[in-house]
Amino acid sequence: GDSVTQTEGQVALSEEDFLTIHCNYSASGYPALFWYVQYPGEGPQFLFRASRDKEKGSSRGFEATYNKEATSFHLQKASVQESDSAVYYCALTLIASSSFSKLVFGQGTSLSVVP
Amino acid sequence: NAGVIQTPRHKVTGKGQEATLWCEPISGHSAVFWYRQTIVQGLEFLTYFRNQAPIDDSGMPKERFSAQMPNQSHSTLKIQSTQPQDSAVYLCASSPRTGGGNTLYFGEGSRLIVV
Chain U
1 GDSVTQTEGQ VALSEEDFLT IHCNYSASGY PALFWYVQYP GEGPQFLFRA SRDKEKGSSR
61 GFEATYNKEA TSFHLQKASV QESDSAVYYC ALTLIASSSF SKLVFGQGTS LSVVP
Chain G
116 NAGVIQTPRH KVTGKGQEAT LWCEPISGHS AVFWYRQTIV QGLEFLTYFR NQAPIDDSGM
176 PKERFSAQMP NQSHSTLKIQ STQPQDSAVY LCASSPRTGG GNTLYFGEGS RLIVV
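Sequences listed follow chains U and G, in order.
Numbered per the working numbering, the first sequence finishes at 115, counting up by one with no gaps.
Numbered per the working numbering, the second sequence finishes at 230, counting up by one with no gaps.
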């Protein structure tokens, strides 16, 4: 079945550090790729998405580039802040022109940023 | 615009009792999804509706779990004879009509504790 793998379970950084969270996927068809962020006591919030090879998605200083050859969609941010502390999820859904399909999530990466 | 509304936010129920969780999707959204979140399993897809019709319930436990969407403004997830292993955060999400690769917008979740 379709799956998403996030390499890091936990990441601990200091403010202004560079962030990379690795995401690789396996899909039976052509996927759209997503990043979601979840704060304690809340549901996952949509961060951004990319739908085709080499497309870059970005929001709030975070970015990721769809790499079809490497089957990857790694999340990066140049300078993290304490307020970025949260759990980050990579996800995919298969693209079909007229139908909806479920999101498949990775296991999540817990980011902790200290001042 | 109001987001996805889930009630109750917290529910404690005794083993063997019934639990019903409610979801009000974002107005105008065509699809409603239910997910279950636990520390061990992460975010698990349960079921989804498109224009109120059930489309995919492949993630639903075959016994005791049922979901309905009687009108476009709400969906329910019912768990009969609850067991301790049903303890989780149940998340509802809705999705607008998009052309391929739909984005899901989540509510804050309903935390169910079975004692």
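Because the hints were derived from the structure by calculation, they are not lab data.
Among the hints, a few may not be true.
If you only want the chain U side, here are some residues facing chain G, beta carbon under 7 Å, derived [said to hold, decoys possible]:
hint, residue
1, P40
2, P44
3, T93
Even glycine gets a Cβ: it sits at the ideal position worked out from N, Cα and C.
Comparing the hints with the structure gives:
1. Evaluation of the P40 of chain U hint against chain G yields a violated restraint, the C-beta minimum of about 11 Å exceeding 7 Å.
2. For P44 of chain U, the interface hint holds, the least distance from its beta-carbon to any beta-carbon of chain G being 5 Å, beneath 7 Å.
3. The interface hint given for T93 of chain U is met, as the beta carbon of that residue sits about 6 Å from the closest beta carbon of chain G, less than 7 Å.
Hint violations for this structure: number 1 only, all remaining hints satisfied.
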